[in-house]
Structure formats: C-alpha cells, structure tokens
Amino acid sequence: DPATGERFPFAHDVPFYRGQTKNVLGKCGKINPEDISQYIAHDGYAALSKALTTMTPEQVIEAIEKSGLRGRGGAGFPTGRKWRLVRNAPGDTKYIVCNGDEGDPGAFMDRAVLEGDPHSVLEGMLIAAYAIGVKVGYIYVRAEYPIAVEHLKIAISQAEELGFLGKNILGSELSFEIKIKEGAGAFVCGEETALLMSIEGKRGMPRPRPPFPAQSGLWGKPTNINNVETYANIISIILNGADWYSK
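Counting from -2, one number per residue, gives the positions in the sequence shown under this note's numbering.
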C-alpha cells in the first residue's frame, strides 16, 4: 500500500481494491489467456450457451436495453438501441465490428482485456451476432499491441476448434466467423467511420453522417460497432440479468 507501506500478498487485499467488484477485468490475471479450457472453467461461453438455448434474439436485445449499458468508448450511445437499429435495418448482409483502436497513448483498457481475457470479447461479439443476425465480425486492433494480436489469434483458433466459432455454433443455427484487422496506429481511426474505411483497405478518413454505420457501414452494409469493453460487459448481463447489471 503506497500510503502506509504495508505489503499485501494479493492485490485484492489492498484497501484500494478490497471494496471493488471486477466485472470486465475479473478473469484478467487469474486465467491463462492462451488456454481456452481455463476460460471455460470460469463460466466461459456460458452466457453464449444461455442466449442460444433459452433466449430469442429479441430477448437478448431487450436485456441489453433494460440493463442500461452504454457504449464504453466515450460517446455513451445506448448499446441495446444500437443493436436494434442494425437488426431492423433492411438487408441480409450485416457486420459487427469491435473497435480496439484506443488512441490515447495512456489508455490501455482495450489492450489489458485483449491480452488478459480475449475470449470475453469473442463471446460478447458472438452474442451480438446472434441478437443482430450477423455472420461475419471484425476486430480492429492496433498493430502496436503484438501480444493482444497474438492472444486474439490463439483465442479465435481455439474457439473454432471447439465449435464456438464457425458453422452451427453449439448445435444452433448461428454461424459466425471473426477476422482480425491490424491498424497502423493512426489516431483518427478510433473514429468509427474512419475505422470502417481502414478495414476496407482505404485511407482512414471520417465520413460525413448521415448515413450512420447502422444504416450504411462496412462496404455499405448495416454495421454495429462497439468497443472492447462494451462487448466484454455483455456476458455478465446475460448471465446475471439486466436488473443485476443496472444496479
């Protein structure tokens, strides 16, 4: 403890941390991020299983809306409302994107989650894909985060091997794949329309809105964009309920 000089064997014993409840970072430091079996042993993919077997896509969106979850990237747009806009947008082809391009040089929230608990982001995206009706998702992550990129690649490969990604996931009608796009570190690509341009292989420049990404996003198709922390929060909402989260 820097205030008293007292030493503690575990971080959760430090007075500053003792009264905190870790949600998104709960598994970071407790599991090996390169071992999917450890994630599963800590209720990993239980939220996905619950959503696929006991909830309709509409019920998932209603739960996210009721929870009051807002985008954790800064704008604070209601996550459930954004999902509903994309789900209701016309067209059969839609995308979801995870924005892991945090531009602040001192902000490592996305990096910490992607390095320490990548499966939580994959699971959140899978639930979003089920709720919205999407078959392909992208994770946009800074190339300056090589450990995060490596852990994501390992996590995706392991999830595919065990049937959490691919066709007919967990015996359901959901088929979903996740692709990684490494960004070059341009600050402007943290803005969602510039990020979409970068994924498309173009210069990352913001586009005028409207149309919004929910109407015309990646390759002109309806696209849902949330950041790393937002997707990681989805799991606890599905497992514990919207009322629990909203408290």
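Accuracy of the hints is not assured; some may be wrong.
Only pairs whose alpha carbons sit at most 20 Å apart, straight line, appear in this in silico EDC-like list of lysine to aspartate or glutamate [stated by the list, open to error]:
| no. | residue 1 | residue 2 |
| --- | --- | --- |
| 1 | Lys47 | Glu147 |
| 2 | Lys176 | Glu112 |
| 3 | Lys27 | Glu112 |
| 4 | Lys132 | Glu112 |
| 5 | Lys150 | Glu31 |
| 6 | Lys176 | Glu147 |
| 7 | Lys47 | Glu31 |
| 8 | Lys19 | Glu112 |
| 9 | Lys218 | Glu174 |
| 10 | Lys132 | Glu31 |
| 11 | Lys132 | Glu188 |
| 12 | Lys132 | Glu157 |
| 13 | Lys150 | Glu170 |
No lab work stands behind these hints, which were simulated from the structure alone. Predicted model only: the values in this text are computed from it and were never measured.
Evaluated hints:
Our distance criterion of 20 Å between C-alpha atoms is broken by Lys47 and Glu147, whose separation comes to about 29 Å. Proposed proximity of Lys176 and Glu112 is supported: the alpha carbons are some 17 Å apart, at most 20 Å. For the hint linking Lys27 to Glu112, the alpha-carbon distance of about 12 Å falls within 20 Å, and the restraint holds. This hinted pair does not check out: Lys132 and Glu112 have alpha carbons roughly 25 Å apart, beyond 20 Å.
Between the alpha carbons of Lys150 and Glu31 the distance comes to roughly 10 Å, so the proposed pair stays at or under 20 Å and holds. With a C-alpha separation of about 13 Å, the suggested pairing of Lys176 with Glu147 holds against the 20 Å cut-off. Taking the CA atoms of Lys47 and Glu31, the gap is near 24 Å; set against the 20 Å cutoff, the hint is violated. Restraint check for Lys19 and Glu112: satisfied, since their Cα atoms lie roughly 16 Å apart, inside the 20 Å limit.
Between Lys218 and Glu174, the direct Cα distance comes to roughly 17 Å. Compliance with the 20 Å bound is thereby established for this hinted pair. Of the pairs offered as hints, the one joining Lys132 and Glu31 is violated, with about 25 Å between alpha carbons and a cut-off of 20 Å exceeded. Only pairs whose Cα atoms come within 20 Å are accepted, and Lys132 paired with Glu188 is rejected, the gap being roughly 24 Å. This hinted pair checks out: Lys132 and Glu157 have alpha carbons roughly 14 Å apart, not beyond 20 Å.
Distance hint between Lys150 and Glu170 is unfulfilled; the C-alpha atoms sit about 24 Å from each other, more than 20 Å.
In summary, the structure is inconsistent with hints 1, 4, 7, 10, 11 and 13 from the numbered list given earlier, while agreeing with the others.
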